[in-house]
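Using the sequences and the hints, build the whole thing.
Heads up: the sequence shown is residues 501 to 791, going by our numbering.
No lab work stands behind these hints: they were computed from the structure. Incorrect hints may have been included.
No farther apart than 27 Å at their CA atoms in a straight line, the calculated lysine-lysine pairs in the DSS-like style are these [unchecked claim]:
{"id": "1", "residue 1": "K791", "residue 2": "K749"}
{"id": "2", "residue 1": "K529", "residue 2": "K675"}
{"id": "3", "residue 1": "K529", "residue 2": "K543"}
{"id": "4", "residue 1": "K543", "residue 2": "K681"}
{"id": "5", "residue 1": "K663", "residue 2": "K616"}
Between beta-carbon pairs, the in silico distance windows are [as the list claims (entries may be wrong)]:
{"id": "6", "residue 1": "E719", "residue 2": "N571", "range": "40 to 50 Å"}
{"id": "7", "residue 1": "K658", "residue 2": "K749", "range": "24 to 34 Å"}
{"id": "8", "residue 1": "D562", "residue 2": "D771", "range": "12 to 22 Å"}
{"id": "9", "residue 1": "K659", "residue 2": "G780", "range": "42 to 52 Å"}
{"id": "10", "residue 1": "K551", "residue 2": "R729", "range": "44 to 54 Å"}
{"id": "11", "residue 1": "S569", "residue 2": "N757", "range": "45 to 55 Å"}
{"id": "12", "residue 1": "T743", "residue 2": "V645", "range": "25 to 35 Å"}
{"id": "13", "residue 1": "K749", "residue 2": "I668", "range": "18 to 28 Å"}
{"id": "14", "residue 1": "K617", "residue 2": "L753", "range": "31 to 41 Å"}
{"id": "15", "residue 1": "N571", "residue 2": "N757", "range": "40 to 50 Å"}
{"id": "16", "residue 1": "T651", "residue 2": "T748", "range": "50 to 60 Å"}
{"id": "17", "residue 1": "R787", "residue 2": "R732", "range": "31 to 41 Å"}
Note that the coordinates shown come from a computational prediction; the quantities given were computed from them, not determined experimentally. We put the CB at the ideal spot given by N, CA and C, even for glycine.
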Amino acid sequence: MRKRKVFLVVLFSLLLVIGGCARRSTSQKIITTTVNTYIEPIKSVVGDKYKVESIIKSVNVDPHSFSPSSNDAKLIADSRLIVSSGLGYDDWVNKIVTANSQDKNLIDFAGNVLDKKDGANEHVWFGVHNVQKLSYAVYQHMAKVDPKNKTYYQANFKKYDLKLDSLIQREQALKQYTNGKKAYVTEPLPYYLLKDLGVTIANPHFAKSIEDDTDPSIEDVKDMENGLRNHRVSFLVVNKQVTSGIITKMTSLAKKNHVPIVYFTETLPSDLGYYDWMDGNITQIERIVKK
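What follows is the structure in structure tokens.
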């Protein structure tokens, strides 16, 4: 998604102060995540012991340029655990966490769990193995801060881990059909899913330009157009949450030349959990390659 990192420094500083001064005397029965993508992986571990809330709930909100409110700062201040994506995706949370002395309760998914460094693809939740590691990290954290319920959290984690295993098994079966294939993407958001399926992204420069909100080079545009006309890829992946003239042009060209299109969202629709969302993503690709 576009990286429009424009912050109102004075306003944000004020929010930090408000958040830092707003810690209430609570039982800290709240867990906060920056985006709704992680609600299910967290809730599946903590069960009914904690309420899990996301700050960003809508697919229409860009996490990169999101400006938190004073209520968001209060929520983070009162949380027993905070989960963020990392790699610059939701950096706005870090200052609030530090201002409220909550660093020890922050799980930076990409950095702390996956040991990803700056420059790595930030859409880490598209890897089911990655989310398994996140749910394990949540279990470890909660077992430490709430040891009396450790056995409960462990049982929940194992159950959810097996559920995610079923998605991985689907990917492994599908890889028989997808391994070695190529795809165009409007943005590099499905990188981890395609990698797990053995699919190569054939237009990395074009995709990165769209993600960075810059114009793709003429050479990249022409190469992609020729590729669609000559069926050099098995399918095109389109991020439904981002539209532009060039994306519309490429989508139309794919339809005209009968190149199958897969439509993904970057974040989860409010009516879906992570498992069902990823299951749907896998199904879309499966329907195309098994025709």
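Each hint, compared with the structure:
1. Simply put, K791 and K749 have alpha-carbon atoms about 26 Å apart, close enough for the 27 Å limit, and the pair holds.
2. With a C-alpha separation of about 42 Å, the suggested pair K529 and K675 falls outside the 27 Å cut-off, and the hint is violated.
3. Of the supplied pair hints, the one linking K529 and K543 holds, its CA atoms being roughly 12 Å apart against a limit of 27 Å.
4. Between K543 and K681 the CA atoms are separated by roughly 36 Å; this puts the pair beyond 27 Å, and the hint is violated.
5. In summary, the hint linking K663 to K616 is supported, as the alpha carbons are separated by about 25 Å, within the 27 Å threshold.
6. Under the hint 40 to 50 Å, the C-beta atoms of E719 and N571, about 47 Å apart, fit the expected range.
7. At roughly 48 Å, the beta-carbon separation of K658 and K749 lies outside the given 24 to 34 Å, and the hint is violated.
8. In this structure, D562 and D771 meet the distance hint of 12 to 22 Å, their C-beta atoms being roughly 20 Å apart.
9. Evaluation of the 42 to 52 Å hint for K659 and G780 yields a failure: the beta carbon distance comes to about 21 Å.
10. For the hinted restraint 44 to 54 Å between K551 and R729, the CB-CB distance of approximately 52 Å keeps it satisfied.
11. S569 and N757 have their C-beta atoms about 46 Å apart, which keeps the hinted 45 to 55 Å range intact.
12. Between T743 and V645 the beta carbon distance is about 43 Å. The supplied range of 25 to 35 Å is therefore violated.
13. Between K749 and I668 the CB atoms are about 36 Å apart, so this pair departs from the stated range of 18 to 28 Å.
14. At roughly 36 Å, the beta carbons of K617 and L753 sit within the given window of 31 to 41 Å.
15. About 49 Å separates the C-beta atoms of N571 and N757, a value consistent with the hinted range of 40 to 50 Å.
16. As the Cβ distance of T651 to T748 is approximately 53 Å, the hint placing it in 50 to 60 Å holds.
17. The hint said 31 to 41 Å for the Cβ distance between R787 and R732, and at roughly 21 Å that hint is violated.
Hint check: violations occur at hints 2, 4, 7, 9, 12, 13 and 17; the rest are consistent with the structure.
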